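Asker: Heads up, the working numbering is the position in the sequence shown plus 7, with the first residue counted as 1.
To be clear, the hints were calculated from the coordinates, so they are not data collected in a lab.
Don't take each hint at face value.
Claimed, not checked - Label pairs and their computed distance ranges (CB to CB):
| hint | residue 1 | residue 2 | range |
| --- | --- | --- | --- |
| 1 | 235 | 265 | 22 to 30 Å |
| 2 | 65 | 134 | 36 to 44 Å |
| 3 | 274 | 77 | 26 to 34 Å |
| 4 | 145 | 76 | 21 to 29 Å |
| 5 | 77 | 220 | 43 to 51 Å |
| 6 | 40 | 122 | 37 to 45 Å |
All values derive from a computational prediction rather than experimental measurement.
The C-beta atom is built at its ideal place from N, Cα and C for all residues, glycine as well.
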Amino acid sequence: MSAEQRTLLGVSLMSLAMLTAAGIDISVKALTGGFDTPQIVLLRSLFALPIVLCICHYQSGIRSLATPRWGWQIYRGLLTAGANFGFFYALAHVPIVTALLLSYIGPVLIVLLSRPLLNERVGLHQWLGIGVAFAGVVLVLRPTSLSLPPPALAILGSALCWALLSISNRRLAGVEPPGVLAFYTIPVSALLAGLLTVGHWVPPQGGDWVLFATAGICGGTAHLLVAMAYRHANAAVIAPFEYTALIWISLAGYLFWSERPEPLTWLGGAAVIFGGWLAMRSRE
8 MSAEQRTLLG VSLMSLAMLT AAGIDISVKA LTGGFDTPQI VLLRSLFALP
58 IVLCICHYQS GIRSLATPRW GWQIYRGLLT AGANFGFFYA LAHVPIVTAL
108 LLSYIGPVLI VLLSRPLLNE RVGLHQWLGI GVAFAGVVLV LRPTSLSLPP
158 PALAILGSAL CWALLSISNR RLAGVEPPGV LAFYTIPVSA LLAGLLTVGH
208 WVPPQGGDWV LFATAGICGG TAHLLVAMAY RHANAAVIAP FEYTALIWIS
258 LAGYLFWSER PEPLTWLGGA AVIFGGWLAM RSRE
């Protein structure tokens, strides 16, 4: 396969991964009308588990799950729980496009945290990107006071957990196979969610099971597709295609929930994306 073909394949896989990732958010948004966040996290995790096990078997074998690094795995599981709980809770209260745009602050948080956690230098261009991204957050939220509403705080908290999770992936790169890292994010989330559903369980109906299964299967599939995409093309080429999820999310928000974000929301979202791109690009 030529270099051009490998790049095209990588771009296609990343775009397909973002389509499946959008399937997670759309399914969860549809479920928030009838189910609490813990139950959504629990059933989504359980449906994702077989997919992640297959990925682990494909990449390194099931025996690779016998890892001695339990401290790291528990820590990463808690971060995953925080990311899922925060974002899924917010989807019940804010437009789906707004939630996604705010979540794009994650790469900026990675840059901010890389200094204290990875001892990496943050340069002038990175600070510029960070400033642009946070200005974009202000435009998206347009707060009327110094306090932020709980859903906005939940999204920012979710993005913080995601950033810390990404940094832990870097710390463990070459030490643990990607499939193992993906697998151990699920049990902690499922356990915490299961405990919180006690006494609050709502029996799903036929269509609900389809949505839960879609959220779980799309989650596991997106992880596999992203890993395959980065095997075939350079990160600098395919990373921008992560934003193609906005196409599907915007379309779903309009068709299913009649959501029409205001121009300032789009402007703020563009600033968040550009600031994150600038901050991450300057690290290369």
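Asker: Starting from the hint list further up, note which numbers the structure goes against and sort them upward.
Answerer: 1, 3, 4 and 5
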